[in-house]
Every structure is written in structure tokens, then in C-alpha cells.
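Student: First to last, the protein sequences are chains A and B. Residue numbering for the first sequence follows our numbering, starting at 1 and increasing by one per position. Residue numbering for the second sequence follows our numbering, starting at 1 and increasing by one per position.
Do not rely on the hints blindly, as some may be mistaken.
Claimed, not checked - No farther apart than 30 Å at their CA atoms in a straight line, the calculated lysine-lysine pairs in the DSS-like style are these: (1) A:K78 x B:K24; (2) B:K24 x A:K225; (3) B:K119 x A:K146; (4) A:K146 x B:K7; (5) A:K225 x A:K129; (6) A:K179 x B:K119; (7) B:K13 x A:K78; (8) B:K2 x A:K73; (9) A:K167 x B:K2; (10) A:K129 x B:K119; (11) B:K2 x B:K13; (12) A:K146 x B:K13; (13) B:K119 x B:K24; (14) A:K129 x A:K167; (15) B:K13 x A:K84; (16) B:K24 x A:K84; (17) A:K179 x B:K13; (18) A:K129 x A:K146; (19) A:K146 x A:K73; (20) A:K167 x A:K78; (21) B:K24 x A:K73; (22) B:K24 x B:K13; (23) A:K78 x A:K129; (24) B:K86 x B:K119; (25) A:K84 x A:K73; (26) B:K13 x A:K129; (27) B:K69 x B:K13; (28) A:K146 x A:K78; (29) B:K69 x B:K86; (30) B:K7 x B:K24.
Said to hold, decoys possible - Computed from the model, here is a short list of chain A residues facing chain B with C-beta under 7 Å: (31) F85; (32) R139; (33) P141; (34) E142; (35) N143; (36) K179; (37) G180; (38) G199; (39) P202; (40) G204.
Hints listed in this document are in silico derivations from the structure and should not be mistaken for laboratory results. Glycine included, every Cβ here is placed at the ideal spot set by N, Cα and C.
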Amino acid sequence: MLVIFKHLDLISQAHLLQIPIFRRQFSPAPATATKNSVSYKVQFAGNERLKLQPKIFLCINMSLFQQWAFIVKEALDKSFLVAKFFCAVHVTNTYVCSTAMVQGPSMLPTFNLTNEIVLLERISTRNGKAGTGDVVILRSPENPRKFVTKRIIGMEGDNITYLVDPKNSDRTETRIVPKGHVWVQGDNIYNSYDSRNFGPVPYGLLQGKVFWRIWPAGVFGSIGKRPETVDPALKVLEQSNHQS
Amino acid sequence: MKLLFTKWTTIAKQSIDRAAIVAKFLCLLHVTNTYIFSPTLVYGPSMLPTLNLTGDVVLSEYISHRLGKVVPGDVVLIQSPENPRKMITKRVLAMEGEVVSFLVDPSRSDRSRTVVVPKGHVWIQGDNIYASNDSRNFGPIPYGLIQGKVWCRVWPLDGFGSL
């Protein structure tokens, strides 16, 4: 790409003067050519726009090997461009912002049962700024290849009171979240496999904070700090958690 | 006036070209360091005598743990479960489902305990069990906290070789 940009000046002049530009090996380089001259024999019609793809006519007296080398070099240049683009996308996805698809019943009613696409940002979790009430994506402590979406209920040092098994009983337990860990729970406590089952999760497993929903279009918007639910059991727990 | 402007644009173009080359090199270095292998400085008493107290430079690779190829006996780099900004180096003693017996506090007593490592977790211990804060203190850690595997030592030179 840089090669083509460097030579746009040259090529525009060739258009005016109809002078072919030869590779160094065939003739001494013109004074204005830089070290990386590429051989293009360019011919333009009157109002052809000089964009980034000059027509290339390979010289007939170039050997087959040189033609092949030329083609390979062009292919490599283009593929480097594609590779650089993918690198940029990957860096953005890993360090800045990324998309994810969430599914499953454990975050109802915040997220639907079927697939939803969300935006997650990776800066807060890296800087330790993820806090209580944030919906985060974390690597499951039981299966390192699986990512789960839950809400942080408590940070290290907090006293958490939670319903152990709300479908079957009213029993609650209270635990202190150890240092370096967070307590995560799904918004749908009746059908969620979370810290009540696998315990507090080390902060290092958090991958990113979900901050925006982008699909389906009907639910485009930000995510609140509290689960959108009118479950009275959850309200009682929230009050006790905030008081302690 | 126009000459000055052209001169300035040429200089600007050249400097942008050079800066782009440096940026590309740094990108490549960063990708290699994060995803392939990189030199790491490890220090502390918890891996004596394998690793020195004052610091060794080791080459650590970041491919095996992504492929699930970490086995007991490997020295690994992990993100500490107690402080996510700290990286610690310990040896993996047991994978999920295995039974591990360990001395709870060898400098004070002979008491030992036996634990089954839960699913998705690994048991890590420092080689120097008398001075190591490891799974005997904070329990088995999730596999997802493993960041890399230590491969060989490159400094000090008389300790050169694989670990």
C-alpha cells in the first residue's frame, strides 16, 4: 500500500507524459524514484481516474520467473493488508470493546432466553473498575472454555446473603466474599448456575463488562445496575445486602 | 513558499513511514509476547531450589494452556486469585478430579490433608513448601487463571536449560 502511495506522484506524471517507468534492473532509475521502485508500465486513457489500481502491463521481455515473483509480491502485499486489518480488529476486541452473544435463562428478564447480541468493554475489568451491579462476562470456573454472563452482587469483603435454592426452600446463607474474588449471580435466581453453586469467583476470570445491547433491535439500549424484576424475594435480599 | 511546503510534506511523509515501521515492529513484538512466548522475570522464595530467590529470566509460552495441554508437573504462570494484578509462578500438582495429599503447614506440624480437585480447577504448589502461598492456602484455582507455562530458563547463564 505504501509502495503505491509513494508512487502516486510518479504515476500521475506518467499519465501526463506517457512515459513508462521501468524497474531498476532494466534502466538507471529516474532521479525522483525512491529505493523501492516497482516496475509499472502504465498507460491511461484520457479521463481514467488515478486511484489505487494502475493498470499493470508486464513487460514482455521479463522472464517467467520474474513475472511470477512480481505476482507473488503483489499477493503478499495484499495479504499483509488483510492481516493488518485483522490485527486491528483483534486488538480492539481484546483490549477495548467487543461483541458477544448471550443466551440462556439465567439472566431473565434482563436478557432474553434466545440469542441476544451485546457490547462488552474490556477496560473496566482490566483496571479493577468493575463493581457491584455490573453485568459481566466471565470464564466459567468449572469449564475454562465456557463464558457465562452474570451480574456482580458483591465485591471482596462484602457480606452476601443469598437464597440457596429458591425453587424449593426459603433457606438463606450468608458469606463473606474473600479477597480478590467477586460474587456473581444471574438475575433469574430460580434458574441460574452461579456463585451460589460454584462459590465466589476470582476477579481474574472476569473478561469484560456488558454495557449495551444491540440485537434484537427492540431492546437496543443500556443495561441497568439492578435486575429488572419485581420478585419480592430478591427485593428483600437486596435490602439486607445494602444494609450490611 | 511552495518549496518549503513540499519539503515539509516530504519530511512528514518520511517520518510517518519510519514511525509506521516502528509501530508494526512493536505490534509484532506484542503479539509474540502475548500469544506465543516471552521472557519473564520470576523471583521469590516459593520455588526454591528450582528457581532462584533473587530472580531468573525464564521463557514462558502461552500456547499450551489454551490447548488444554497443561499436565501435573508443569511450572505455570497464573494470575493470583487473591490479587488479580499479581502474577505468580507455581507448579501444577493435580488436575480436576485427581486426589491430592499435602502437608498443611510443614514448618510447624506433620499434619496432612487429602482433597479432591473440583471440576475445572487445578492444584498448584510451590516447590519450596515451607515458604509458599499456594493452593494449600487459597484452595484449588480455576484453570482459566493459568496464563502461561514456563519453558526454560535463560538467565543466569549457568542455570540455562529447560525446567
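Student: It remains to establish, for every hint, whether it holds in the given structure.
Tutor: Hints versus structure:
no.: 1; hint: A:K78 x B:K24; verdict: 16 Å, holds
no.: 2; hint: B:K24 x A:K225; verdict: 40 Å, violated
no.: 3; hint: B:K119 x A:K146; verdict: 13 Å, holds
no.: 4; hint: A:K146 x B:K7; verdict: 56 Å, violated
no.: 5; hint: A:K225 x A:K129; verdict: 14 Å, holds
no.: 6; hint: A:K179 x B:K119; verdict: 22 Å, holds
no.: 7; hint: B:K13 x A:K78; verdict: 21 Å, holds
no.: 8; hint: B:K2 x A:K73; verdict: 36 Å, violated
no.: 9; hint: A:K167 x B:K2; verdict: 80 Å, violated
no.: 10; hint: A:K129 x B:K119; verdict: 29 Å, holds
no.: 11; hint: B:K2 x B:K13; verdict: 16 Å, holds
no.: 12; hint: A:K146 x B:K13; verdict: 47 Å, violated
no.: 13; hint: B:K119 x B:K24; verdict: 41 Å, violated
no.: 14; hint: A:K129 x A:K167; verdict: 33 Å, violated
no.: 15; hint: B:K13 x A:K84; verdict: 20 Å, holds
no.: 16; hint: B:K24 x A:K84; verdict: 9 Å, holds
no.: 17; hint: A:K179 x B:K13; verdict: 52 Å, violated
no.: 18; hint: A:K129 x A:K146; verdict: 23 Å, holds
no.: 19; hint: A:K146 x A:K73; verdict: 41 Å, violated
no.: 20; hint: A:K167 x A:K78; verdict: 59 Å, violated
no.: 21; hint: B:K24 x A:K73; verdict: 19 Å, holds
no.: 22; hint: B:K24 x B:K13; verdict: 16 Å, holds
no.: 23; hint: A:K78 x A:K129; verdict: 40 Å, violated
no.: 24; hint: B:K86 x B:K119; verdict: 24 Å, holds
no.: 25; hint: A:K84 x A:K73; verdict: 16 Å, holds
no.: 26; hint: B:K13 x A:K129; verdict: 40 Å, violated
no.: 27; hint: B:K69 x B:K13; verdict: 47 Å, violated
no.: 28; hint: A:K146 x A:K78; verdict: 35 Å, violated
no.: 29; hint: B:K69 x B:K86; verdict: 23 Å, holds
no.: 30; hint: B:K7 x B:K24; verdict: 26 Å, holds
no.: 31; hint: F85; verdict: 13 Å, violated
no.: 32; hint: R139; verdict: 4 Å, holds
no.: 33; hint: P141; verdict: 4 Å, holds
no.: 34; hint: E142; verdict: 4 Å, holds
no.: 35; hint: N143; verdict: 5 Å, holds
no.: 36; hint: K179; verdict: 5 Å, holds
no.: 37; hint: G180; verdict: 4 Å, holds
no.: 38; hint: G199; verdict: 9 Å, violated
no.: 39; hint: P202; verdict: 4 Å, holds
no.: 40; hint: G204; verdict: 4 Å, holds
Violated hints for the displayed structure, listed by number in ascending order: 2, 4, 8, 9, 12, 13, 14, 17, 19, 20, 23, 26, 27, 28, 31 and 38.
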